[in-house]
Amino acid sequence: MLAIVDYDAGNLRSVQRACLRVGLESQITADPDVVVKADKVIFPGVGSAESAVSTLQTRGLDQAIVEFFNSGRPMLGICLGLQIALEFTEEGNKKCLGIVPGACERFSFAEKSLKVPHIGWNELEIVGKHPMLASINDGDEFYFVHSYFAHPTTNDHVLGRTTYGDKTFASVIGKDNFFATQFHLEKSGEIGLRLLSAFSDWQGD
Amino acid sequence: MLSKRIIACLDVRDGNLAKSVKFVDTKDIGDPVSKAKEYYDDGLDELVFYDITASSDKRNIMLDVVEDVARQVYIPLSVGGGIRTVEDANKLLWSGAEKINVNSAAVQRPELVAECAHAIGNQNTVLSMDILKVETNSDFPSGYEIVINGGRTRTGLDALKWALRGEELGAGELVVNSIDADGTRDGYEITLTRMIAESVSIPVIASGGAGKPEHLYEVLTEGQADAALVASMVHYNEYKVSELKQYLNDRGVKVRLRY
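Protein sequences, first through last, are from chains S and Z.
Quick note on the numbering used here: the first sequence kicks off at 80 and runs consecutively.
Quick note on the numbering used here: the second sequence kicks off at 180 and runs consecutively.
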């Protein structure tokens, strides 16, 4: 069973609906035991990292996610799910899960024409090889909504990058059986669904 | 580089697609679900549904429309019209909307913007503003006034002041809808759009008046809008979304062409 982690952060049904579209049955769950025992996990999310991390901790889901990651089974992070997988976020100065070394920073631009949040469709520049990206082309566009971005400690974990204003940030990261996108693949049209479809085939290696 | 967005706005009345001119003379022109799917297949970036159903007993029809669309269309979906509480917003999100547009109710009770931003996130809370051109004076330093209830009620609020207040309350995006331009197809209100886009640090969606591809070009360049809302020009099949995008791309505006 594919488990979609429920921590009151965003529209999980959008993710579930998109999964169903590519033939993936899923269960939205807030139960740590269900997460730990799942075959695959999607760790989605929008909103504030600060309250999300607190909710994860209250429900014991933080440990469940790390335990699931350590099992070697495939895990997909989306947006906030990518950010919280790092060690730390500037958003509320919160310690995060630490699955991927690095931290999240807030966009800040001197030029006022660059709006924060970064909202809309932007290009992916593929910089690493990964089975999940086999059907994606360099320059394909995805839908982003975020004010913070990931900065992994090592480039080895950066699979794709995106540029907004003068800032180029990691928009796809991967470490072992964890693959994550800053963009919302469930809202990125047919190309986004292709990524989700790749997740249904991926065994985590 | 971030693309400029083309957003189609579908006014929905009792479950049917409707279109008005200057907010009156509303006609039913088709099925919103099949239109949404058609635009999605043609590369639309985002959809907005506006519920203009008058009677409250028919309000739930909108939830079914949103649910049907969300099953077929995998781009951001925004819904507005009649949202007065966080509970209304949550019902729509549960049906499949990403973003909530608040309008009249936010003018009457500004805390609604903050409550929605807190409950569903700033990025999902859109403040939609209907704006009328007025004489510039000490009450309306910007020369524009906020109107509500579909353009029927003047509020005495200066449009620029309200836009800034909306940002402060936590709105993640602003829709700038010109009542003067709505349905005229004579072009967007460039002066108004630019004034607001230059003053806030959140994305601005220009609305009202699109009739030709040039209008989109103008508002996305000179008007400094981040996104352009279209309605009549695509609803009546005069232009296809893909044609508009090709036109903008040919003139050097970055848009999403692969989908």
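It is possible that some hints are incorrect.
Unchecked claim - Below 27 Å or equal to it, Euclidean Cα-Cα: the simulated DSS-like pairs (lysine-lysine) are:
(1) Lys237(Z) to Lys216(Z)
(2) Lys312(Z) to Lys246(S)
(3) Lys191(S) to Lys340(Z)
(4) Lys191(S) to Lys270(Z)
(5) Lys198(Z) to Lys191(S)
(6) Lys270(Z) to Lys198(Z)
(7) Lys270(Z) to Lys312(Z)
Claimed, not checked - Derived Cβ-Cβ restraints for the label pairs, each shown as a range:
(8) Lys237(Z) to Pro210(S): 47 to 55 Å
(9) Lys340(Z) to His209(S): 20 to 28 Å
(10) Lys340(Z) to Leu193(S): 20 to 28 Å
(11) Leu193(S) to Asp365(Z): 55 to 63 Å
The set of hints was computed from the structure by calculation and includes no laboratory data.
These numbers were taken from a predicted model, which means no experiment stands behind them.
For glycine and all other residues, C-beta sits at the position ideal for the given N, C-alpha and C.
Evaluated hints:
no.: 1; hint: Lys237(Z) to Lys216(Z); verdict: holds (23 Å)
no.: 2; hint: Lys312(Z) to Lys246(S); verdict: violated (38 Å)
no.: 3; hint: Lys191(S) to Lys340(Z); verdict: holds (18 Å)
no.: 4; hint: Lys191(S) to Lys270(Z); verdict: violated (35 Å)
no.: 5; hint: Lys198(Z) to Lys191(S); verdict: violated (35 Å)
no.: 6; hint: Lys270(Z) to Lys198(Z); verdict: holds (25 Å)
no.: 7; hint: Lys270(Z) to Lys312(Z); verdict: violated (35 Å)
no.: 8; hint: Lys237(Z) to Pro210(S): 47 to 55 Å; verdict: holds (49 Å)
no.: 9; hint: Lys340(Z) to His209(S): 20 to 28 Å; verdict: violated (49 Å)
no.: 10; hint: Lys340(Z) to Leu193(S): 20 to 28 Å; verdict: holds (24 Å)
no.: 11; hint: Leu193(S) to Asp365(Z): 55 to 63 Å; verdict: violated (31 Å)
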